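J.: Each chain, letter by letter, is given below.
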Amino acid sequence: MTFHITVGGRQVPVVPGQTIGAALHAAGVRSWRSTRFGGRPRGLFCGIGVCFDCLISVNGRPPERACLLEAAPGDEVTTA
Amino acid sequence: MTYDLLVAGGGPAGVAGALTAALAGLRVALVDSGQRLGGQYFRHTAADETGPGAKPDLARFLRQARALEARADVLLRHQAWNVSREPDGDLVLRCVTRNGDGERVAELRGRRLLIATGAHDRPLPFPGWDLPGVLTAGGAQALLKGSGVVAGRRVVVSGTGPFLLPVAAGLAAAGARVLGVHEANGGLGLARHPLHALSKAGEAAGYAAALARHRVPYRTRQAVVAAHGDREVEAVTLARLDAAWNVLATRVVECDTVAVGYGFVPQIELGTQLGCATRHDADGSPVLAVDAALRTSVPGVWAAGEPTGVAGWRPAETEGRVAGYAIAADAGRPATAGPDGVPAVLARRRERGRAFGAALQRAYPVMPGWRTWLRDDTLVCRCEEVPLARVREAQALGATGARAVKLLARPGMGWCQGRICGYAVSCLAGEPPQPPRRPIAQPVTLGALAELTTDQDESTARRPSGGLP
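These protein sequence lines are chains A and B, in that order.
Under the numbering used here, the first residue of the first sequence is numbered 389, with each subsequent residue one higher.
Under the numbering used here, the first residue of the second sequence is numbered 48, with each subsequent residue one higher.
Among the clues, some could well be false.
Stated by the list, open to error - Using C-beta positions, here's what the derived DEER-type ranges look like:
{"no.": "1", "chain 1": "B", "residue 1": "Thr-447", "chain 2": "A", "residue 2": "Thr-390", "range": "49 to 57 Å"}
{"no.": "2", "chain 1": "A", "residue 1": "Phe-425", "chain 2": "B", "residue 2": "Ala-259", "range": "40 to 48 Å"}
{"no.": "3", "chain 1": "B", "residue 1": "Thr-447", "chain 2": "A", "residue 2": "Pro-404", "range": "51 to 59 Å"}
{"no.": "4", "chain 1": "A", "residue 1": "Pro-461", "chain 2": "B", "residue 2": "Asp-423", "range": "42 to 50 Å"}
{"no.": "5", "chain 1": "A", "residue 1": "Gly-448", "chain 2": "B", "residue 2": "Leu-295", "range": "30 to 38 Å"}
{"no.": "6", "chain 1": "A", "residue 1": "Arg-449", "chain 2": "B", "residue 2": "Gly-222", "range": "42 to 50 Å"}
{"no.": "7", "chain 1": "A", "residue 1": "Pro-450", "chain 2": "B", "residue 2": "Asp-423", "range": "48 to 56 Å"}
{"no.": "8", "chain 1": "A", "residue 1": "Glu-464", "chain 2": "B", "residue 2": "Gly-253", "range": "31 to 39 Å"}
{"no.": "9", "chain 1": "B", "residue 1": "Gly-494", "chain 2": "A", "residue 2": "Ser-422", "range": "34 to 42 Å"}
{"no.": "10", "chain 1": "B", "residue 1": "Glu-133", "chain 2": "A", "residue 2": "Pro-404", "range": "37 to 45 Å"}
{"no.": "11", "chain 1": "B", "residue 1": "Gly-379", "chain 2": "A", "residue 2": "Gly-426", "range": "53 to 61 Å"}
{"no.": "12", "chain 1": "B", "residue 1": "Arg-395", "chain 2": "A", "residue 2": "Gln-399", "range": "52 to 60 Å"}
The set of hints was computed from the structure by calculation and includes no laboratory data.
No experiment lies behind these values; they were computed from the predicted model shown.
Beta carbons are placed, not taken as given, at the ideal position from N, Cα and C, and that holds for glycine.
Use the sequences and the hints to build the structure in full.
T.: Okay, here's the thing in structure tokens:
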């Protein structure tokens, strides 16, 4: 049932139906970008698509909200 | 094609409203940003839909959802970003949705609109609240309900309101060590929890038993007032508070996760885009003003659930049904002889639900002492990284209201459009939160907008390419 996505070269397991953000959080990856000014780490906060803290680039696309985006087999995630 | 009814939001209110109207014979389309129907309360995993294990309330919701999908167009992963009234009187709801590796805009046209867009957590800033591992209470709940992920191993739950109880109970049942539920209000304790006074004794007792079973302490007049850590949260400062939430004493507790929530912010921007009248609810939130049939001040536009005032899922579902009946009657298909086509029993239940919501809001106010938890360098706005000092600076320069503070210091100018910090900035500016002004309520790429102008007819009311679950 479980498949994998690639996060900065590392394999992260995903249960089908999980979001990218949930899979990363479950794997102990709790931040995946830095803020523009202070370089502060950001990951999940509101978890429901409101705060935009969890923006992430998947398969080279422009940043999307990791908490809304369902993971697909073979997804490659770029961490900043 | 023009639908009889467009519904924004696939939670308890939206699904109940859409189903009621569809059963009356109306052509209905419902959009929701999620992968599955359910909204926040009935958020569920893919396995919950096929497995036998769903709890009774969720199982009932899922049956409603299946019934709706058989009778209406349900468009998931559609984020509504704008609605407008066309010259011919129709309403056009614009959504952004994924299309392979790109984005596209879908336009839906309808004679009526039901706004059932729910609410999101209302956080308060405190030092370290932007450290990874600090989540909103709803965020921790969403991880668990939607993806089956436990937010952390050692979790502190803090804030105010009855929602903290199911969050803590859920985390503990899923294997997290919940170090405590710290309710900033109260003084009553779980045995005399206000839920008892609101005829919700069974619900409160259930959570109390769950917390006791997992040895989770429930402490009133306490709160997390700071989070500490380098790259993520490693500890929090817990404070004992006075009635106004000023700090009396503190201690530091090691943890890897914090779940915080201080009530909810109803999502009303589709209503304000159309010019619907608003009012301030008991908790200070701007909400859409509605009559007994849940009509807003704009003809053809109804609202149900949290956008009319936060009260939880049961009153939201009731309101959805009331609105569904009223909309069916408006379309010339009244299901009953009651006023506005609404069955009297439902109208009474809706009144009780509204009273319940107002009582809850009064029992769990946000008290002004939280402002003393902030330091000069505490971020108020997470998106634009605006610390308290810059808000104070703007005020010293003459900014007297939240809007002037925003224009000078930029809190609320980032990605979230002030959804997260808006309440706090209003409090700091000394005024009640104002209704949102967000003509574009979700980020939309210029490419998707360009497609809209050239591909209008073809993109209207097309189902998502992935099909329905």
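J.: Hint by hint, note whether the structure agrees.
T.: Evaluated hints:
no. : hint                               : in the structure
1   : B:Thr-447 to A:Thr-390: 49 to 57 Å : holds, 56 Å
2   : A:Phe-425 to B:Ala-259: 40 to 48 Å : holds, 46 Å
3   : B:Thr-447 to A:Pro-404: 51 to 59 Å : holds, 53 Å
4   : A:Pro-461 to B:Asp-423: 42 to 50 Å : holds, 48 Å
5   : A:Gly-448 to B:Leu-295: 30 to 38 Å : violated, 52 Å
6   : A:Arg-449 to B:Gly-222: 42 to 50 Å : violated, 34 Å
7   : A:Pro-450 to B:Asp-423: 48 to 56 Å : violated, 35 Å
8   : A:Glu-464 to B:Gly-253: 31 to 39 Å : violated, 44 Å
9   : B:Gly-494 to A:Ser-422: 34 to 42 Å : violated, 27 Å
10  : B:Glu-133 to A:Pro-404: 37 to 45 Å : holds, 41 Å
11  : B:Gly-379 to A:Gly-426: 53 to 61 Å : holds, 58 Å
12  : B:Arg-395 to A:Gln-399: 52 to 60 Å : holds, 57 Å
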